[in-house]
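Visitor: Sequence:
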Amino acid sequence: MSTEHKFLAVYLGSMSGEKMKAWHAMPEAERKAKEREGMAAWHGWVEKHKDVIVEMGGPLGKTRRIDASGITEISNALTGFTVIRAASQEEAAKLFENHPHFAIFPGEAIEVMPVLAIPQM
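Count along the sequence shown from 1, add 380, and you get the number used in my numbering.
Hints are computed from structural coordinates only; laboratory data are not their basis. There's no promise every hint is true.
Calculated lysine to aspartate or glutamate pairs in the EDC-like style (CA-CA distance at most 16 Å, straight line) [to be verified]:
id	residue 1	residue 2
1	399	488
2	386	435
3	474	491
Modelling step: build the complete structure from the supplied sequences, incorporating the hints.
Guide: Now the structure itself:
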């Protein structure tokens, strides 16, 4: 693979999971301090990897599902995304080890997958 391969990293979390319950159970001052620590770490992660970030992405809001039955509001574990460039999926995944999303914030995981080319007709 060349260094031009793109990978989508999706941030996962649960509003009802144990990590989120513990986060909301913290005293407000402690939680605010943890938020500041987390954002500083997140900005540090971005600065460290700015050369491979294709699209910073960001947090995700409420989800609407569209199918043959119409449009419905649903809930899922997707909380944000980032697009990066790496030589391999393993290299891409290693960029997210100990990421602030779950190392400081109450996020649960990050999943990394290749962005594949659209097949030609």
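Visitor: Now tell me, hint by hint, if it's right for this structure.
Guide: Comparing the hints with the structure gives:
1. In summary, the hint linking residue 399 to residue 488 is supported, as the alpha carbons are separated by about 8 Å, within the 16 Å threshold.
2. Straight-line distance between C-alpha atoms of residue 386 and residue 435 comes to about 10 Å, which keeps the hinted pair within the 16 Å bound.
3. Distance restraint check for residue 474 and residue 491: the Cα-Cα separation of roughly 11 Å lies within the 16 Å cut-off, and the hinted pair is therefore satisfied.
Consistency note: the structure conflicts with none of the earlier hints.
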